[in-house]
Each structure stands twice: as structure tokens, then as C-alpha cells.
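Engineer: Dock chain L against chain E, hints included.
2 protein chains.
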Amino acid sequence: MKVSDIGEQGLLKVIQQFCPSDVIGDDAAVLITKPEQSLVVTTDVLVDNVHFSEITTSPEDVGWRAVAANLSDLAAMGASPLGITVGLALPGDIEVDWVERLYCGMTECLQQYNDNASIVGGDLVRAPVITISITAFGQAHPQNIIRRNTARVGDAIIVTGVHGASRAGLELLLHPEIAENINEADKQTLIKAHQRPQPRLDILPIRKDINFSQISGMDSSDGLADAVLQICRASNVGAVLEWQKIPVPKVFQNWLTPIQTLEYVLYGGEDFELVLCLPYVEAEILVQEFGKNAAIIGTITSNLNVVVHDDKKEIPDQVLTLDRGFQHFNI
Amino acid sequence: MKVSDIGEQGLLKVIQQFCPSDVIGDDAAVLITKPEQSLVVTTDVLVDNVHFSEITTSPEDVGWRAVAANLSDLAAMGASPLGITVGLALPGDIEVDWVERLYCGMTECLQQYNDNASIVGGDLVRAPVITISITAFGQAHPQNIIRRNTARVGDAIIVTGVHGASRAGLELLLHPEIAENINEADKQTLIKAHQRPQPRLDILPIRKDINFSQISGMDSSDGLADAVLQICRASNVGAVLEWQKIPVPKVFQNWLTPIQTLEYVLYGGEDFELVLCLPYVEAEILVQEFGKNAAIIGTITSNLNVVVHDDKKEIPDQVLTLDRGFQHFNI
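Chain order of the listed sequences is E and L.
Those letters in the first sequence? Residues 1 to 331, by the working numbering.
Those letters in the second sequence? Residues 1 to 331, by the working numbering.
Only chain E is shown next, with the shape it has when bound in the complex (with noise of 0.2 Å):
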């Protein structure tokens, strides 16, 4: 059954199912913020084989990706979740099926957080080429908000999870070949990692516990290169980065070279860890609380570069640019 042969109420009742029944049938859907709470807003587009393609991505994946993207920067900002809405933009020839499967990832994502944050609100438009645009609301207290610019010098960069893991899963579903020398449990970790990214909501009830003075950061979602790039211009700072210190997934060790590491650990992507910068001794509290892939990976500088450094001289030392990372135009 495709989307043309029920048109827009016939999806629009498939689609319901998916929403709390209160916010139903208005121009507009109605939240309601916590009092001295600021409200906290991220959008995210994903583009039919721009973001995703059939060949890697189930629609319940492509749904769960869309969703943990717009969730990691809730994250990355210290915001609970509210909730979403979702513009849908689709060709009439699509299976009423693939739309259902679509809101059934979405919504699986949502769940594991917070029982409260649902799908509020959207629009469904008829268009040549799949389009997943979704807004995210989330609430902070103005003080725990976590920005950008406010990385200083001196502070250490702690990343809360492997990098590189999400473009390894990525390469394994293009390139079933080069699994060769891993084993089945490895290879499935790194497809899940690229399929099912988990946005770092677990640093708000870490901060709950402890109270850190200042933490300034964003997630890695555009690349770990890109993160402390972006922190670093915001702020006016540079960083020096530990090569040797930035957790990767095992198995990467005997199966990629070291300059293939590199591009996977650097540039991936869309693996959306946090990159947080803070004082020393609260850095080396946040990384015991976060886990045994979390990690202290350098310190911010007042010169404005930033420097990859390896102990071990596995790979060249070198100075980061933002040329390298996904650039939306420039491929």
C-alpha cells in the first residue's frame, strides 16, 4: 500500500498512533516548560541518500538516527527532552509501511529517555525526494546550560565515549568485504554504533549529583575534529590533543591502519559523544562517573591551533582544520 492510495488523512491516522492522544488535531501543539526553566531548541534535516540510504539504514533506523541526532544536541547543551516535532516531506510512491516503520524508530528513541518526551506536533508534504526534519524542545535551569565559547585555557578536554565507531559500522554495511579479519560480535558492535547511536543523555543526572563549576562543550556528531575546532573558535582558544589518549573501539588495533584510524576517529562522525572541556580535577570526576570509554584527551591553549600529538609516533603530528570534516557543500 503506498502513501498515494490513502493520501494525507489515511497517513495522517497512521502517523497519530505514534502521538500522545492530548496533542491531537490543533494548528499548534502546547508544552508546558517548568517554572525558572529556559526552553532549549535544536532542528536537524536528513535527506534521503544525503544522511541515509535503503543500502545501510532501516526506516526504523533512519527514525532512531534522526531522533538520537536531535537528542545529542539537547545533550550537548545539558537539556532534558520534551519533546519533537517532525516535518515530513515524501513522494506519493513511498509504502504506507516504510512511513509506519519510520515513526516507529522515532519513537523508540524517544522512550528510553523520558516517558514524557514525545512526538508533539509536524507537517506531512508531498515532495520528489524523502525529507526528515525534526525540531526538538528540551528545558535546562539558565545556569547548567553547557555553550560553546566558554572553553578556557588550561581546562582538560574529556570526550565520553570511542570515537570512530559509528564510520567503521557505516563502511562495514557498504563494504561487506573488509569485515574479513573481524570477528561477528565486533562487526555487529560497530553496525549497532552506526544504526543505533545513543545521545549522551546521561550527563544531566551526573551533573544532579555533583556540582561542577563550569563546563563549556558540544557534541561530536560533525567528527571529534570538528567539535574541538568549533569549542576552540568559540571560545578563542586552541587545544592540544593526546593522540594515544583518545579511546577508539578495540578491534580497530589489528584491523585498520593507523592513518585509516585517523579518518575514522577524527572525521567519522556521527558518533554523538560530548566534547567537554573543564577544570582538571572536576574532568577527572565527570570521566569516573561517564565510564571506562570516556577520557581525558588533552587541555585547551592559548595558541590557536589545534594540535593532534602522538607519543608513540604512530602518526605524523598535526595541526586540525575545519576543511576536512563533512562539509554539507563542498562534496
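Heads up, some of the hints might be wrong.
Under the rule of at most 30 Å between Cα atoms (straight-line distance), these lysine-lysine pairs were calculated in the DSSO-like manner [said to hold, decoys possible]: (1) L:Lys292 - L:Lys250; (2) E:Lys34 - L:Lys208; (3) L:Lys34 - E:Lys208; (4) E:Lys34 - L:Lys34; (5) E:Lys13 - E:Lys2.
In case anyone wonders, no lab produced these hints; they're calculated from the structure.
Structural biologist: Quick look at chain L alone, frame taken from chain E:
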């Protein structure tokens, strides 16, 4: 100069001119809602050659109309605008000038209502077709929110202005030859109604001065027939509309046949007026406040049909159905 010539970072710099400087550069935007106000959220997606086309719409007008559609949804909920996010998907060979003019139009539309309502964030991605996804945020006191599902039998149905003007303007742009029998000023008024529709946010100050017990309603963006039908369906009521009481542009009288007028007025869409239901006494006050193009056009009934009745028999009496309105996947 094409978008692909300056890349994402270059295009971001162009767009950031249109955003307040304090909202730039983080993963998400932070907004402050007034205490005791609810957050009202709405999303609209516009696709090139589906919702707009180069032939009829300048980039400034595309921007204006996209924002107007969202602000109209806020007006229909009784909410005042706080800001918007813009998800823009576009091919690399679009002129940078086109994008800049798009944002000019969006900003122009936003600025007429509220100095503080601005573009607070968004996303910029590559896609084979231009797609503009706008999410607008507003705020309203919970008791002032206008919903679709609270129309009551005996309520007067009012419109805040003429219907059919936007559709007539579109026809004049697509088929300039049909303008032969009307004067230039009328022609320009109709074209402007299509290119620069005015969201009826003027309901807000009116309601502040007068204490209305209850208003239900929505905007007429998908046509007057659709609005009345949606309200009736949501409220489990019907309606009788008096054809002669529905305000239409004067120029229609000697220019269009009664059946063409019916088509434009009931099904044309995009007039962005409000269709409101409330007790007769209060409806009369509200119509006076809205000015000469507002009118009481009918009554809510317990019979579930929506009937259009013409005293003068220019058009046949008829029962309206949702099928005739703009259905995104049936065309």
C-alpha cells in the same frame, strides 16, 4: 556565486546576519518563556515546485510566506511568537543571492509583529530539491489557547477577512491573460494577497481588552471549507454557512462566475484568516474589532453536516466534504 562555491561555513556566515548574535554558535538555541505561559509549537514544510515556484514567487516572498504560514498557526492558537528555527535543504547550484533574499523575506515577516521574535537556529543541508522546514515557537496563557475541539451548538462562526484573494492572485500570476477585465489596482491587491499574506496576530491585543468566555477555531490556510470541516469534526458538531455573508473581494462580482467564486472562496486556501466560533453576542463585538472584512458567516449546529446555503440561489445549496480541499497526496 553558487552555494557550492562558498560551502557550508560560507553560507552559514551569510545566514547568521539574519540571526541575533547571542543565539549563534551552539548546538541549540535558548529561549526564555514568561512564567505561567505555555509553549506553543508548530511546524510547516515547503517544497520547491509543490508549495512555491519561481514563476509566481520571488525568494523574498517564499521566505515571507513560509514564516506567515507558521505565524498564522500561532495566531490560530492564540499565541504570540517567540522565534523560529529554519531547516533549509538545497542543491549546491542555488545562487547565494537566492538564499540571502529568502532570509530577507523571512525576517521582514517576523519583524512586523514582534521585535524579539527572530530566527534562533536551524540546519543547513544539501538536497536535490529546495525544502524549507520552519518550526515556530510562541507563548500563551493556558486559558487563552484557542482549540479546534470546543465549538458548541449555537456558536456563531466568524471569519477575520475575505477568502479567495490568495487563490485569485495565484491564478493571475499563472495566467496573466485572465486579468483583462479587472483594473491594475485590484490585480495588484490580489497578487499581494498571494505573495504577502498577513497572519492575523491582531487577535491577541483585541482579546486582551475584551474578556471572551470561550473561542474555538483555526486558521484557513488549507481553505475555508477545510477549516469549518476540521473544527466541526474535532468538536463533533456541524455547521450552516450563509453564502451571501462570506466576505469575498469585491472585484470577484463582475470578473468570476458564481461557481469560480465558490471554488476560490471555499477551496482556494492560503488566505491565512482565522475561522472562530463563539457565542453570538461576543462574536458581534469581535467582528466589529476586526473591521469591515470580518463577518459572522454561519452557525454551529447539532446536525453533523457542514451545509452551505445561498438565499439568492446563485450557487446550489451543498454539503461540504474534506475530499475537495487541498490534499497533499491525492493530487
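Engineer: Taking the hints in turn, state whether each one holds.
Structural biologist: Verification of the supplied hints:
Proximity of Lys292 (chain L) to Lys250 (chain L) is assessed by CA-CA distance (about 13 Å); at most 30 Å being required, the pair is judged to hold. Proposed proximity of Lys34 (chain E) and Lys208 (chain L) is supported: the alpha carbons are some 25 Å apart, at most 30 Å. Of the pairs offered as hints, the one joining Lys34 (chain L) and Lys208 (chain E) holds, with about 25 Å between alpha carbons and a cut-off of 30 Å not exceeded. Using a Cα cut-off of 30 Å, the hinted pair Lys34 (chain E) and Lys34 (chain L) holds, with the two alpha carbons roughly 11 Å apart.
Restraint check for Lys13 (chain E) and Lys2 (chain E): the C-alpha separation of about 14 Å stays at or below 30 Å, so the hint holds.
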